[in-house]
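Asker: Each chain is listed here by its residues.
2 protein chains.
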Amino acid sequence: MDKFSVTIMPENLTVYVPQGTNLINAAKTAGIDIESPCGCRGTCGKCQVKIINLGGVDCPDSDYVLACQTRVEKDMVIEAPQFSRLTKHKVLLSSEEKESLLEHGYFKDVEVNPLCKKIYAELDKPDLTDSMSDLDRVRMHLMKNCGIEDVKISISALRKLSNVVREGDFNITLTIVTIKDSAEIINIEAGKPDSPSLGLAVDIGTTTVVVNLIDTENGKIIDSAGTYNKQSAYGSDVISRIVYCDENDNGLELLQKAVIETINELIDTVLKKNKINKSDIPVMVCAGNTVMSHMFLNMPPTFIRLEPYVPGASKYPVVSSKDLGININPDAKVITLPSVASYVGGDITSGVLSTLMSKSELLTLFIDVGTNGELVLGNSDWMVSCSCSAGPAFEGSGITCGMRAMDGAIDWIEIDKESMEVKVRAIGNKKPLGICGSGLIYSLSEMLDSGIIDRAGNILENGSSIRVRMGNEGKEFVLVFAKDSGSGRDVVVTEGDIKNLIRAKGAIFAGIRTMLQQVELDVDAIDRVYIAGGFGNYINITDAVNIGLFPDLPADKYAYIGNSSVHGAMLVLLCQEALYEIEDISDRITYIELSIGNKFMDEFISALFIPHTNLNLFQRCGV
Amino acid sequence: MDKFSVTIMPENLTVYVPQGTNLINAAKTAGIDIESPCGCRGTCGKCQVKIINLGGVDCPDSDYVLACQTRVEKDMVIEAPQFSRLTKHKVLLSSEEKESLLEHGYFKDVEVNPLCKKIYAELDKPDLTDSMSDLDRVRMHLMKNCGIEDVKISISALRKLSNVVREGDFNITLTIVTIKDSAEIINIEAGKPDSPSLGLAVDIGTTTVVVNLIDTENGKIIDSAGTYNKQSAYGSDVISRIVYCDENDNGLELLQKAVIETINELIDTVLKKNKINKSDIPVMVCAGNTVMSHMFLNMPPTFIRLEPYVPGASKYPVVSSKDLGININPDAKVITLPSVASYVGGDITSGVLSTLMSKSELLTLFIDVGTNGELVLGNSDWMVSCSCSAGPAFEGSGITCGMRAMDGAIDWIEIDKESMEVKVRAIGNKKPLGICGSGLIYSLSEMLDSGIIDRAGNILENGSSIRVRMGNEGKEFVLVFAKDSGSGRDVVVTEGDIKNLIRAKGAIFAGIRTMLQQVELDVDAIDRVYIAGGFGNYINITDAVNIGLFPDLPADKYAYIGNSSVHGAMLVLLCQEALYEIEDISDRITYIELSIGNKFMDEFISALFIPHTNLNLFQRCGV
Ligand code: FES
Ligand SMILES: [Mg+2]
Ligand SMILES: [Mg+2]
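Chains as they are written, first to last, in UniProt numbering: chain Z, 1 to 623; chain G, 1 to 623.
None of these hints come from the bench; they were simulated from the model.
One or more of the hints may lead you astray.
Intra- or inter-copy, both count: the list cannot distinguish identical chains.
[Unchecked claim] Here are the computed lysine-lysine pairs in the DSBU-like style, where the Cα-Cα straight-line distance is at most 35 Å:
#1 483 / 230
#2 144 / 257
#3 322 / 423
#4 160 / 28
#5 315 / 125
#6 125 / 359
#7 599 / 125
#8 557 / 152
#9 322 / 117
#10 192 / 315
#11 257 / 125
#12 152 / 74
Note that this is a predicted model, so its numbers are computed, not measured.
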């Protein structure tokens, strides 16, 4: 087969690929990942690159093309702009989270009783009158000195036991993992321990994966790393990834490999940085939505997508890391947190766990604004949940200049009501590249307040501002002009984007209303609202209420809790009882299927207005 | 590197091997296994082959050479005689064992409650109001209809669950393994089961490996296969194999691979023959001595050989078959039965389990005459054990014409006291190739009774028989002349062989005496004696007492119980309680180290006489 050269600028990297390769794969060969949220279907428009030389001929004025739809037929030089690239996510952990988790929420009342512990043991030495086996000697020590009965041992720990015991002259350090009262020796070191007892808490998001390395003795986060989920190459949302699994041979294997690679790279980063051996990690707790959990475990997700939406499992077995290909101790225990239903996953039970709402008398509303918009309402007596198919607009997906909360993402804006001048702030003090969730909420709220849009989301003719104009896809409002942006292109919000955002916020609000009706409660019965999810660093509640995303409750009832999914995973790592608690949460939450009946659809249609068609619902915020 | 051709006769198989390859490895390349019990050290003399053409030149009168010491430097044609070959063992199961085990001994009182069961389940079908996960649906069914709570599931079963459930239209068959009250789903089939519930019981002998395929619903042996342990290539006894591990890089890996391959080939044979899928085998129970168990699990056996003889473990973890490379269901549970000490292994606890002695008031002596000669004495109140380093003479090893109990092995002889004519019988009605354990006991006893040897084991000058003569290694007695043998060589018993056998029988008898003294009991206190081990089809007790191998008790107190190691493994497979029982046996047996003090050595020296220096001990048999 013929091969052609593809040179990627500005890096000036050249690779040789077979004729017919698409440019996304060509770039991947060079180690450059191009965005492809639609799974290379040519529909998302996120994979734009410029061809600057084709077959030796310069193309000075060429327009952007879709990398996924462009195949290599000649030698070429392309420019892959920053906005088309998957970049490493900045991990957005607030500084307080870097401190001990144990000073917050649920954690405050929790005695640290982690899943893994290191125990230093000085064993009695054998002689002809005491030739008890090495393992029995260890067991005897644990029983007598630590009150640990019936301890098991992993096969790889057992295989090295005899030599390590003698290397340490019968003084050894045991790493013991205890899951639901069943203790197992996972690792053995000669002599005293080299490192503290360690574990990993992982949030497997559809978009972003975060790995936290935890000192399980004191609950501190030693290090944290996050990046985009490599599965994004097969589709930005769970449904398109399931479709990819179903329509491609080895589809599931590819998707599993992608998420495992993502996690392994993050693990590798934090372990290398902190000079920690793989064998020193005996346990990992993972939280993800039901589709992510299935794919992580290599379970077919097919039936999650098909009515009546039945997942393969909601409680997952504890698996050895070697059975998944996770690069830590081969016998490390990998715990995948339980889900409630196909669209209320382990990320949600984990978030609920982290809020302590399942143990509180206060009526709590938990909202995770991700792809679906999952809601949980309840207290220690009862809990209900639903998933409202909000779409990923607040994660920046399906929005012209939308992007995730990473460097260069606008997360705050202000519009001067007189001059229509716009102030923006981008994450990392970078030149703006696009807009993330919190920036979109501000945009909508500010555009409404300054009369740029009406309550139906239409951009009004407003000759007074050069920022309102006709674009390729209809009316648009320019937040940042090309000269000030980091991409060399205008950062705009189109009328289409606004309609998308209204649908997204409408779905979440309709979900809240439907759930409240189901349990026959009024919105005022809610004592507190926890907002979790990936908007960015924070979310401005007043603006979110102003656009009708969240119900009109006093601002002090709201709290933004960030990535509650990984918090729950940490809690499970640090507290053996939390694993029982989260299984109980998964059992106790009643799932409400919104597609039954017309209630949700009626509520949704009423919510396609800013803030709502029924303004009585938003009296408090002064509408 | 230069390659030369090696042609092996009579098969006329030619292989090309690098210069310097030894003939054992050259033959192996051609698929022909040559005996090498000394681990190719050139000391056992069992690997004899004849070079019949060297570099194109015929060598008509060449003598036998050691294949292990002969390296390929030219093209060659060799003859590998039958007596130098490892042949597939005939499995020596008495016909009653082919019947249900449950009619015998311990088994009689046992309710079949096997480790694995198949359960057919008709699940409720899901709809939008009941979208419980597939796994929860299965769990609910098992709880409601079978009283099975808290069932686990293996990851590979879980991975196929959703598709199999739908393939069977929500009717499925579950294979559940229950080990110590913890139940796990190991396999799932669509619809009704194709085969009964199955399990494997395996005896991992130093010399021979036996695999029994069991229908766990009724306890019947469906099929059985046995062959030599491929580890024999690295040494015939456990000590030389440990030395091989310690002295060679990857030594342990090679030895593990050898035994796993041996077991896999046997499994493959029985599964193919009975048209059974690998995935249909969810559990395997293995009994082996401590060294075999360590090597099987890939645990270093080094310290077993070194004072104070400490094994890595005496209770072994349950391991997944995929972690060992056993070709059955990848998540099948492999149970390795617990041992007592370095030289009293899982084959002995398994044998003890099978005799029911740990539950009986009768004082029982259990004797396994293998390489070591392991003894257990006791009843339901107490048990003691020891291992008396008898050497493998009764397995045919270290005996000039010794061989294992397989086709062609002499297992019975009779010497006419007048004519000195010898009648022999060989297993399988073949021409005699050598002598196995029971044949050696007969030989010794008959040679004594007919005056060919004296009580010290010396061959007497007896000019009246052409069978007594001077051989290469001193005096010898010819049992079968070359013209009547299957090997074309005389089958002889040398004076050296007789001394070897006397040492072996002396060690066992001395072990029995030492153990009795330790518990301050007289031989007459013994209510019954169970003889286990690999002599052959059976053992003649009168002759065994006659030569002083066993104590002088009435013949009706003796019972030959054959391969009790595999019987115990079967019992564990068929009866969940038996696993608790055998762990209890392993805990309760007190190990007596014979190398402490002089008692054993004194007894041993007294026993180097036929039957004994103290003839008072053998009054009953009329000495
Ligand atoms: S003498 Fe050759 S293998 Fe033993
Ligand atoms: Mg999330
Ligand atoms: Mg045996």
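Asker: Against this structure, judge whether each hint is valid.
Answerer: Verification of the supplied hints:
no.	hint	in the structure
1	483 / 230	within (32 Å within a copy, 76 Å between copies)
2	144 / 257	neither (44 Å within a copy, 38 Å between copies)
3	322 / 423	neither (51 Å within a copy, 61 Å between copies)
4	160 / 28	between (40 Å within a copy, 32 Å between copies)
5	315 / 125	between (44 Å within a copy, 19 Å between copies)
6	125 / 359	between (49 Å within a copy, 34 Å between copies)
7	599 / 125	between (73 Å within a copy, 26 Å between copies)
8	557 / 152	neither (47 Å within a copy, 42 Å between copies)
9	322 / 117	both (21 Å within a copy, 28 Å between copies)
10	192 / 315	between (37 Å within a copy, 26 Å between copies)
11	257 / 125	between (46 Å within a copy, 32 Å between copies)
12	152 / 74	neither (61 Å within a copy, 56 Å between copies)
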